[in-house]
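With chain A's structure known, arrange chain B on it following the hints.
Sequences listed follow chains A and B, in order.
Residue 512 is where the first sequence ends in my numbering, and the numbering goes up by one at each step.
Residue 512 is where the second sequence ends in my numbering, and the numbering goes up by one at each step.
Only true hints are included.
Facing chain A, from chain B, some residues (calculated, C-beta under 8 angstroms):
{"#": "1", "residue": "PHE50"}
{"#": "2", "residue": "LEU76"}
{"#": "3", "residue": "ASP84"}
{"#": "4", "residue": "ARG86"}
Distance windows between CB atoms, simulated:
{"#": "5", "chain 1": "A", "residue 1": "ALA36", "chain 2": "B", "residue 2": "ALA307", "range": "31 to 37 angstroms"}
{"#": "6", "chain 1": "B", "residue 1": "HIS133", "chain 2": "A", "residue 2": "GLY333", "range": "40 to 46 angstroms"}
{"#": "7", "chain 1": "A", "residue 1": "LYS205", "chain 2": "B", "residue 2": "ASP412", "range": "51 to 57 angstroms"}
{"#": "8", "chain 1": "A", "residue 1": "ASP300", "chain 2": "B", "residue 2": "ALA313", "range": "49 to 55 angstroms"}
{"#": "9", "chain 1": "B", "residue 1": "LYS312", "chain 2": "A", "residue 2": "ARG102", "range": "19 to 25 angstroms"}
{"#": "10", "chain 1": "B", "residue 1": "ASP412", "chain 2": "A", "residue 2": "GLY138", "range": "45 to 51 angstroms"}
Please keep in mind that the hints were generated in silico from the structure rather than gathered at the bench.
Cβ atoms here follow ideal geometry from the backbone N, Cα and C, with glycine treated the same way.
2 protein chains.
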Amino acid sequence: MSEIGLDGRERDMKGGDKGGTDDAGGSALDADRFEAEAMVLRESLLNAQFDLADHSNRAVLILLNGADGAGKGQVLNRLYEWLDPRTLATLAYDINDRRDLRHPPAWRFWRDLPQRGRIGIMIGSWYHTILLHRAAGGADKETFHARIAETNRIEDMLDAERITLLKLWLMLDDSETGGTAINPAAPPGSRNNPLVREWVEIDTKKERKRLMRAARELIRETADCRVPWHIVRADDPLARDLTVGRRLLDTLQAAARWQPVPHGLPPSRPRRVSNTKPVLPTLDLTQTLDKDRYEWELADAQARIFAATQSKAFRDRALVVAFEGNDAAGKGGAIRRLRSALNPVHMRVHPIGAPTDEERARPFLWRFWRHVPLRGHTAIYDRSWYGRVLVERVEGFAAPAEWQRAYGEINDFEAQLTRADYIVHKFWLAIDEDEQLRRFEERKETPHKRFKITDEDWRNRKNWPLYAAAVEDMIALTSTKAEPWTMVESNSKRFSRVKILRTLADRLEVEL
Amino acid sequence: MSEIGLDGRERDMKGGDKGGTDDAGGSALDADRFEAEAMVLRESLLNAQFDLADHSNRAVLILLNGADGAGKGQVLNRLYEWLDPRTLATLAYDINDRRDLRHPPAWRFWRDLPQRGRIGIMIGSWYHTILLHRAAGGADKETFHARIAETNRIEDMLDAERITLLKLWLMLDDSETGGTAINPAAPPGSRNNPLVREWVEIDTKKERKRLMRAARELIRETADCRVPWHIVRADDPLARDLTVGRRLLDTLQAAARWQPVPHGLPPSRPRRVSNTKPVLPTLDLTQTLDKDRYEWELADAQARIFAATQSKAFRDRALVVAFEGNDAAGKGGAIRRLRSALNPVHMRVHPIGAPTDEERARPFLWRFWRHVPLRGHTAIYDRSWYGRVLVERVEGFAAPAEWQRAYGEINDFEAQLTRADYIVHKFWLAIDEDEQLRRFEERKETPHKRFKITDEDWRNRKNWPLYAAAVEDMIALTSTKAEPWTMVESNSKRFSRVKILRTLADRLEVEL
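For reference, chain A alone in the conformation it holds in the complex (with noise of 0.2 angstroms):
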């Protein structure tokens, strides 16, 4: 077996005489014809590499998976040789850093997804997981079953959102007996001590075999699936670098030319996707709470939310609440009354409003991945991913196919959050037409609350069915036991406002 030095690079060269097929099954590959034909090939990756940039288009993530040894430090030297730096970069996780586990596992991710134009190397990307619970007995058939599921329809959507994956394994001849073992006493950057060792966990011959297994299992779940795995087979250094390489070329060329497609005209009619009975038409605006009750009521829910969110119990969990709701509903007085129960130290309130440039050039979900709260924390959003499929929905500003998908992206979502021990809570604040005229015409009239009113409320009251429409699907779509959505009857402030803080505050009494 060749070996490989840290650098990868000089001594890579020296390794092409010895055993080993490239991916094609031909013979081995000898450095001169490797150097000749690395010269072409990197000149075409770095022609498609500007391109990709130029446009901006697509972002190109690679998931550079493989036993340890297989030579994924040495792949993504290669990388590095060959591309231009400025728009790489490595993404790579230690699994067992505790600190990570202050999120929920797949927030690393996404702070750190490339930004379209740009490409991302991945390492112990979110397969590590999964393979090493059903490498280690930890995962049954059925559970890795639906996580490959969830994974490939979170797959699909980074796809329509504009990142494109190449999925990449590094095989080994010995694969098949689970690898080689480790030896730290190898030089490094050789196949008994490589550069990333990702499967520390796994030691035995038996774990590596039962690793290779899962890994052949995943492989072959995922053959039909709108991303598919690339093979790559590792034993002769310079031909799985060509391979790869190659694999590459053609992913960068195909990001570069992609094209988004015009969607045409918002839609004119309220027309809804869901057909469950609609529940606006249901709510009692009529209910209200007199002062003294409300005191009393909003006081005592405060004292049980702060009790809540500052016990020990919560240490380990964090709260995730969105508020949506019609114009003038009182989402603001509602969001004070709620974060003035709430330690200053453990809660952020995120008012969304038009995405920044970083926030434009991902996939939507990603500005508010970049909010979830650490474990102990509560993220309040005022206004959130809801949007998609409420504003951008009728004003048109996402395609129909990007707002149909997003129900189920935002379910994946949540659930993400639920798996991960967060508690997730969604408040729609409802008003009739009649109140909201009112509160139009009373904030023209206060000075200080002036500022609350803009042409756009003007513009969205027109639209009111559009509206409508949007709030029973995404009820209809989104609600689910775990991240329930709670409609507010808001005609009156003071009933509104206790009704949220007691349903907090019940709910999390249930939780912890």
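Below, chain B alone, put in the same frame as chain A:
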């Protein structure tokens, strides 16, 4: 003493008839007069807040300090009542959260710095630690004063970088005796059981007294500085809130009115600002290395760096390396050899290009602070904060006052990293004009290097003497014992790479 509800508002109203004095030393404020004054104040505050947001020339950062029980939480809630929450953020920190110790202490303040046009309210600011060390006896007078002096310099920098600070100290009548003892059984939000408990370590009456003595010392020390403290009498909650509101109004109005001063033309001559002997002419650029020795020395240095950064001793340290140099001096190639000697899990390379809009809206150091690595990790900056005193100086992107103050600002930044046990090293890769020309011509010819040469490179080349003067000043003014510059003779790429990697290997072995 008045009992204050969690929410602040409703019960504050009833607290007005209790004892206490307003800031001007007058009599207690009754609820009606408060209500009337607050309504006027609130409209002015909103006007100023919207002006600030519209112009986005400055950010406003309120540092809310004082003994626990003085009403930090209540003032916070009041400001949320008065202001528009959409451009308001709370920055509050749990000083004992060990998760925050994985970065230098200032990192989280930088992370959360409001962008221009916005308002941040910070609780437990950088003064928390300074005062706590002093009160607990951990900092002698000299250390205390040195920290205050550094803080003053950093606040001057923030001010110059368009962050207006409003430093408030809420002072209770009984502050002389160190405030009130905490009683968790008291109503939440009352003086004995405040919403914000910043000084949890301060327990006994003696400790409370020492804290107050340190606070008075701090406020006295900083009386003459550009950003003074405002002492707010806190015994009467209503008067306290009005005083805070008025101070904030002045601050917001001044910040909203602020206009940048045009700085005139870029300097036309390579005038130096330091008077040291030039170092560039003393470099022996003829130094080279034969291929065999290069390969051996490179591999040796890489192995040493790999071992050092994977060692147990490095887990609580971190490495920050900045690469600067003439165009075509070989930064990319050197960085590639360094990165392949590091575990990709614990390392990131940050190529510094044009700032994003999120970066542009904040002080120039923000984009570098955001990439400061976790402990145990390495951050490699491919170009760095030194752009401020190199390209920005020479091309006139920064005003003379801006780049001239940057030397000290950079020294303070790096000193903060060093004090947090980070290892900071800076490399200048020097080639001469002939070698640069040769490399530019070669890049034009070589297919895969064509991308590395742009019109800008030829333009920069014409300013060679201006850049040389800027480099001399940079080396003279920012080379320190703890954060050294290494000058790298780079006409020979082999010599250059080996010098860089050996220097880092030596440095790491000395530090660990």
